[in-house]
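Q: Put together the whole structure using the sequences plus the hints.
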Amino acid sequence: MKMLMAVSGALFVFYVLAHMYGNLKIFSGVEAFDEYAEHLRTMFTPFLPFGGFLWLFRLLLVAALVAHAWSAFYLWSRARGARTTRYVAKEAAKATVKSRMMRWGGVALLLFLVWHLLQFTIVKFNVGSMAAENSPGLLVISSFQVWWVVLIYVLALVALGLHLYHGVWSATQTLGWAGNAAARARAKTLATVIAIVTSVGFALPPLAILFGIVKGS
Amino acid sequence: MNLTLKIWRQAGPKTKGEMVTYPVTDISADMSFLEMLDVLNEQLNARGEEPIAFDSDCREGICGMCGLMISGKAHGPEVTTTCQLHMRSFSDGDEITIEPWRADAFPVIKDLVVDRSSFDRIIQAGGFISANTGSAPEAHSVPVPKHHADRSFMAAACIGCGACVAACPNASGMLFTAAKITHLGELPQGQPERSARVVNMLDQHDREGFGGCTNIGECSLACPKEIPLDVINQLNKDLRYALIHHGTPE
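Here the protein sequences come in this chain order: R and F. Position 146, counted from 1, in the first sequence is what my numbering calls 150; the numbers after and before it change by one each time, with no gaps. Position 109, counted from 1, in the second sequence is what my numbering calls 157; the numbers after and before it change by one each time, with no gaps.
Worth flagging that the hints you see were computed from the coordinates, not collected in a lab. Among the hints, erroneous ones may be present.
Some chain R residues near chain F, calculated using beta-carbon distances under 7 Å [as the list claims (entries may be wrong)]:
id, residue
1, ALA86
2, VAL92
3, ALA93
4, TRP151
5, GLN177
6, THR178
7, GLY183
8, ASN184
All C-beta atoms in this analysis are idealised placements derived from N, C-alpha and C, irrespective of residue type, glycine included.
A: Here it is as structure tokens:
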């Protein structure tokens, strides 16, 4: 069950890295970004219908999300059931904000995911002032010119970074790949790198747009 | 030194408990924590009050019987057992909160005494080897590589005190279970039952109502024997092997 959590989590790690790569395309211009979005839909088209690969991929992600969240809530409820009488005084020797925020941070990320999908995939509402008909790239630029949209994203990215740090190292432990102090240190370094690269990589496009470095035209 | 103690009093398993404040005076810095409680109990006895029930046996830090949550830390501020914690770790005028281990798998029997037989049942589920030992064999007949022997001894240092469960935010008994699995799994005698052991012990662990491990690491820091998180990694590795090669048993 915890392996399910680790494996589905690992899938998300690879997904966010790919997603980040896609986002960074905005720096090569709106056209490159739109092309990439189109490419995701036309991938493997001789074998699959238009958008087929994308839908298969989405299906996989949804399955992984359900597995991940289900295992998380299961662990949560078991932990609650395992100590029904709370301590009057309890001091954590180590538990940091990263591991303590796993659960609430996860919930926050889930809420963010809903907002994010509504904004850019399902409804595609445009909170900005720029016309962005049929261009994902222009929609992105228009949206991130609004400061509070950027703020929501930056907050979500902080949550994502913390979640990834504890998640990545935790997954190596659950899969049995952190057998001694040195391996554990390596796993934690890897976790830190992935967390920082992801958070910063995702934060660059919105911030660049907000500060006018990337413009629509 | 003079101290204010806030101690959990609970008359029996079913009754409701509460924190009661006791002042103690003239405590020597050389006393152990349990001796300090002995002093308080003598005073309570003299006043005709019910003394505070707490567990202890060897008072040498090797049996694993004692264990108190002291101001929110399992076994108090030092890396040792409660009996080997001395009053020099505290200062005059301190207010100390004393609670039993809190986990539903460790129900309170009375005051600070908890029932840890759930640990015994985890051991019964697989923490043994089924070999006819006979008389002591010739030491050289089964060679054990040194790093395996060292690792086994490191894990075997677990005295089953339950501090890992007490410190864990999930009240998980994973460090205990994993220490036993590593201890036996590193030795040749532990190999025949290795896969069944991890599955059965973990199954019993979950059935006892312990929480799941979320790799936070509080257990290892609370452990008086400094058992590292490595053993949990070993448990997960053995479990992965067992599930892949033997499938899920009954």
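Q: Return the status of the interface hint for VAL92(R): holds when the least beta-carbon distance to chain F is below 7 Å, violated otherwise.
A: 6 Å, holds
Q: Take the shortest C-beta to C-beta distance between GLY183(R) and chain F; is it under 7 Å?
A: Since chain F brings a Cβ to about 5 Å from GLY183(R), closer than 7 Å, the hint holds.
Q: If you take the shortest Cβ to Cβ gap from ASN184(R) to chain F, is it below 7 Å?
A: 6 Å, holds
Q: Taking 7 Å as the limit, does the beta-carbon of ALA86(R) come near enough to a beta-carbon in chain F?
A: The hint holds - ALA86(R) has a Cβ within 7 Å of chain F, the shortest such distance being about 4 Å.
Q: Using Cβ atoms only, decide whether ALA93(R) comes closer than 7 Å to chain F, and label the hint accordingly.
A: 4 Å, holds
Q: Answer holds if the nearest beta-carbon of chain F is closer than 7 Å to that of GLN177(R); otherwise answer violated.
A: 5 Å, holds
Q: Go through the hint on THR178(R) and say holds or violated, using the shortest Cβ distance to chain F against 7 Å.
A: Holds. Min distance 5 Å.
Q: Have a go at the TRP151(R) hint: is there a Cβ in chain F nearer than 7 Å to its own Cβ?
A: With Cβ-Cβ at 36 Å, over 7 Å, it is violated.
The structure fails hint 4 only (numbered hints given earlier).
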